[in-house]
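Undergrad: So the sequence lines, in the order shown, correspond to chains A and B. Take 1 as the starting number for the first sequence in the UniProt record's numbering and just add one per residue. Take 1 as the starting number for the second sequence in the UniProt record's numbering and just add one per residue.
Treat the hints loosely; a few may be bogus.
[As the list claims (entries may be wrong)] Simulated pairs of lysine-lysine, BS3-like, Cα-Cα distance not exceeding 25 Å:
{"no.": "1", "chain 1": "A", "residue 1": "Lys32", "chain 2": "B", "residue 2": "Lys93"}
{"no.": "2", "chain 1": "B", "residue 1": "Lys32", "chain 2": "A", "residue 2": "Lys93"}
{"no.": "3", "chain 1": "B", "residue 1": "Lys464", "chain 2": "B", "residue 2": "Lys264"}
{"no.": "4", "chain 1": "A", "residue 1": "Lys31", "chain 2": "B", "residue 2": "Lys93"}
{"no.": "5", "chain 1": "A", "residue 1": "Lys63", "chain 2": "B", "residue 2": "Lys63"}
{"no.": "6", "chain 1": "A", "residue 1": "Lys93", "chain 2": "B", "residue 2": "Lys31"}
{"no.": "7", "chain 1": "A", "residue 1": "Lys336", "chain 2": "A", "residue 2": "Lys264"}
{"no.": "8", "chain 1": "B", "residue 1": "Lys93", "chain 2": "A", "residue 2": "Lys93"}
{"no.": "9", "chain 1": "A", "residue 1": "Lys32", "chain 2": "A", "residue 2": "Lys398"}
{"no.": "10", "chain 1": "A", "residue 1": "Lys263", "chain 2": "A", "residue 2": "Lys336"}
{"no.": "11", "chain 1": "A", "residue 1": "Lys349", "chain 2": "A", "residue 2": "Lys336"}
Source of the hints: derived by calculation from the structure; they are not laboratory data.
Number of protein chains: 2
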Amino acid sequence: MVSPIDPTSAAFLFAENRSMPMHVGGLQLFKKPEGAGRTYIRDMYEEMRDVQDIAPLFLKHPKRSIGTAGQWVWEPDEQFDIEHHVRHSALPKPGRVRELLELCSRLHSTRLARERPLWEAHVIEGLRDGRVAMYTKTHHALVDGISAMRLLQSVLSTDPDERDMPAMWGARPKRAKTSKELSRVEQSLADVPIQALRTALGITAEAAGMPGALVKTISKGLKNETSALSLYAPRTLFNQNITGSRRFAAQDWPIERLRAIGKKTGTTLNDVVLAMCSGAIRTYLLELDSLPEQPLVAMVPVGLNAKQSQVASADGGNAVGAVMVQLATDLHDPAKRLATIHKSMRDGKEALSSMTPVQIMAMSALGQAPAILGPMLRMQGIVRPPYNLIISNVPGPKTTHYWNGAQLVGTYPLSIPINGMALNITCTSYDGNMAFGLTGCRRTVPHLQRLLNHLDEEVAALEKAAGV
Amino acid sequence: MVSPIDPTSAAFLFAENRSMPMHVGGLQLFKKPEGAGRTYIRDMYEEMRDVQDIAPLFLKHPKRSIGTAGQWVWEPDEQFDIEHHVRHSALPKPGRVRELLELCSRLHSTRLARERPLWEAHVIEGLRDGRVAMYTKTHHALVDGISAMRLLQSVLSTDPDERDMPAMWGARPKRAKTSKELSRVEQSLADVPIQALRTALGITAEAAGMPGALVKTISKGLKNETSALSLYAPRTLFNQNITGSRRFAAQDWPIERLRAIGKKTGTTLNDVVLAMCSGAIRTYLLELDSLPEQPLVAMVPVGLNAKQSQVASADGGNAVGAVMVQLATDLHDPAKRLATIHKSMRDGKEALSSMTPVQIMAMSALGQAPAILGPMLRMQGIVRPPYNLIISNVPGPKTTHYWNGAQLVGTYPLSIPINGMALNITCTSYDGNMAFGLTGCRRTVPHLQRLLNHLDEEVAALEKAAGV
Chain A
1 MVSPIDPTSA AFLFAENRSM PMHVGGLQLF KKPEGAGRTY IRDMYEEMRD VQDIAPLFLK
61 HPKRSIGTAG QWVWEPDEQF DIEHHVRHSA LPKPGRVREL LELCSRLHST RLARERPLWE
121 AHVIEGLRDG RVAMYTKTHH ALVDGISAMR LLQSVLSTDP DERDMPAMWG ARPKRAKTSK
181 ELSRVEQSLA DVPIQALRTA LGITAEAAGM PGALVKTISK GLKNETSALS LYAPRTLFNQ
241 NITGSRRFAA QDWPIERLRA IGKKTGTTLN DVVLAMCSGA IRTYLLELDS LPEQPLVAMV
301 PVGLNAKQSQ VASADGGNAV GAVMVQLATD LHDPAKRLAT IHKSMRDGKE ALSSMTPVQI
361 MAMSALGQAP AILGPMLRMQ GIVRPPYNLI ISNVPGPKTT HYWNGAQLVG TYPLSIPING
421 MALNITCTSY DGNMAFGLTG CRRTVPHLQR LLNHLDEEVA ALEKAAGV
Chain B
1 MVSPIDPTSA AFLFAENRSM PMHVGGLQLF KKPEGAGRTY IRDMYEEMRD VQDIAPLFLK
61 HPKRSIGTAG QWVWEPDEQF DIEHHVRHSA LPKPGRVREL LELCSRLHST RLARERPLWE
121 AHVIEGLRDG RVAMYTKTHH ALVDGISAMR LLQSVLSTDP DERDMPAMWG ARPKRAKTSK
181 ELSRVEQSLA DVPIQALRTA LGITAEAAGM PGALVKTISK GLKNETSALS LYAPRTLFNQ
241 NITGSRRFAA QDWPIERLRA IGKKTGTTLN DVVLAMCSGA IRTYLLELDS LPEQPLVAMV
301 PVGLNAKQSQ VASADGGNAV GAVMVQLATD LHDPAKRLAT IHKSMRDGKE ALSSMTPVQI
361 MAMSALGQAP AILGPMLRMQ GIVRPPYNLI ISNVPGPKTT HYWNGAQLVG TYPLSIPING
421 MALNITCTSY DGNMAFGLTG CRRTVPHLQR LLNHLDEEVA ALEKAAGV
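In isolation and in its complexed conformation, chain A is listed as follows:
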């Protein structure tokens, strides 16, 4: 039962090498329910391990051989071993968040072996505050960051008393749904064909195939015909070749605080998130004495409504485009930085709305398939990076969710640094908090965890500047 791999997934398999593992990760923190026993975490692990049926997505592995004419194909894993994929781990003492982030950094550094289905999940005990952590790792050939988050959401419930909920990788039985189950996402994402899953960010096979439109878009950008595309980002330490070692740092801030800054200054929540990143990166680079004179440029994926984009993605939602945002890292004043970012973002979105659907799709590909972009840029004679880093903001559930009674108290994304783009910042909102997940090459981005402190200082600086 061999099935073909769509070109986008195949591109991620081709692009992967030792320095650039192509998997996305997720870190979830759960609070044990009241009255949880001593063996609660072990039971949780066993429940996740002992699923009756695994969804097909999590059972196949990629294969390339003479028999498949050198093409990558999906093949069911005849030796599938759930204990390889679902693991019970523990943190060394003293079990602080620091030890958790170190473990996640290490787990995120290792490539998934292609001889097995491309995913892993670790139920982690030993946090001294008693919370349970779960780190999941899925190859980008299976899901992108957005789909991974939706997949997680699809097995959670808003009802703390619901039980018998499946693990993310469990196949959902085809039976009449109870009203409780209807409150969850209607169709299990794990049962949806991969191709449909991957459309969440509007990537199509054509985009991954680097069509003429993308080349045209880049050429336009070179000639500065559209301000949505900047190809004049300064060189920074983030824009070097990377190694395979990862450092992950994560923290969240109350959305209320960020929104208050936005209200006072007439900017959006997303503008404030970008201003936080801008200020933190500025301080970080200043400390390392390597802040360039020119402002850094971030590639920011943005949602577009169907009218703007003229294309709707397969799930009937909005399409996504990419805007190049001037981060104003040359400015000392937080208020001025926020204002500049706000203007840059608005200009970018406007430019985007005047682009053709194919151009927008090509723009998305810039952010979504950066690994395959490199060679093409060089083909076009472009040696400087078109942007310094990717900052994305993925909206998550707004209300409190549970898995079999365990309250999800935090969820943090781990992303994919690539050559020339050593730092990735992905934010997700959940239950009133904005979570920042920073994934970087440990060698190229030294002391990455310092950015967390700088982000925190920046919230305070923005509040002060806005007069909140």
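Fit chain B to the known structure of chain A by using the hints.
TA: Chain B in isolation, oriented as in the chain A frame:
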């Protein structure tokens, strides 16, 4: 700085696949020194991680490319990252030996990625009795089981007060040695060229190249011309194709108890070890209702003195041959089993001493390169396995050893099951105990850990039968 890989190492790289990872493992248990602080294990980990110089053996990884004409070569890892190789892990609660063996089983199931140097070491905390565990994993292309044990020994000391001892992978500084250091193995094994390391078991490139002598030896065995070689082992559940999942079980017994049985019955310590295995396997197979009528045959590597073997290995010690031992699993009476094993072993050694050096070397290859043996046997029209399992007994240090004050209280080997040979038993002696390490394919050998109970029962049964 590319260097060629010797044919034997290359053979292990070629033979490796998802079902047959080709690494050997070691599990060591340490007792913390008196007055060890709360951060003792973390400090121990950091000491091992922060070595100044890594021995060349632990810095290179194998590479094969068009540039190397398709040949495997060693290449220094330009992106060497010690944190990938030396890891700090913890056991889930309740932190029994069971959780430790589960973790080791899992770690031993995963292949080493070839893009990095082929080794890993895990400093493991969380044992409820307060001991520290260390699991190490090294590719067979770097070291064999014996060399791995000698490598470990080379960094240990008999002096509990000695400090500043290097990690196994540390390069030893070339300086005048103190008298204390002289008490350790004179030359650091890690600094010895790989080829020399691998000779410990007498494997030569010719043997791995499957020379005519091996084919001749096997043909002779077929015709029953030498009793050192049996090709009439019955089919058992151990002799099937395996998967990549491993189960590891380990335990030790006082050598004094085993020696007492030997003394009373006029048999050797090694005979008693084999009788324990025989009895345990008999009970195990009976419980599964799959004990064959014919007795099982074990391949047992034995040491030969220089006169017997007419060849000395490179380190001036003894060469090693292989004897096929009738395990007498058809007999109910433990005393009769032990007597049969003793006779079979003696006959085998005698036959071995009448073989030519090349034949002996070829016999070693049977045990040492079993993965490359399979195709050759089929070439010779042999479809049944020549033996049912490998049982080896590797002598270790007789006295108490320490690493920077931490007392080594147990050391257990993890070996390599292969297709057709799903269970491997390796024993090592240390400080008055005989440690049994059982490594098997988890799917092919169900409930492998039951063998530990059966081994324990068998010691008692043998004691009773011998009248100890």
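Undergrad: The structure should be examined with respect to each hint, and the outcome stated for every one.
TA: Consistency of the hints with the structure:
no. : hint                : result
1   : A:Lys32 - B:Lys93   : 16 Å, holds
2   : B:Lys32 - A:Lys93   : 16 Å, holds
3   : B:Lys464 - B:Lys264 : 11 Å, holds
4   : A:Lys31 - B:Lys93   : 18 Å, holds
5   : A:Lys63 - B:Lys63   : 21 Å, holds
6   : A:Lys93 - B:Lys31   : 18 Å, holds
7   : A:Lys336 - A:Lys264 : 14 Å, holds
8   : B:Lys93 - A:Lys93   : 13 Å, holds
9   : A:Lys32 - A:Lys398  : 20 Å, holds
10  : A:Lys263 - A:Lys336 : 16 Å, holds
11  : A:Lys349 - A:Lys336 : 20 Å, holds
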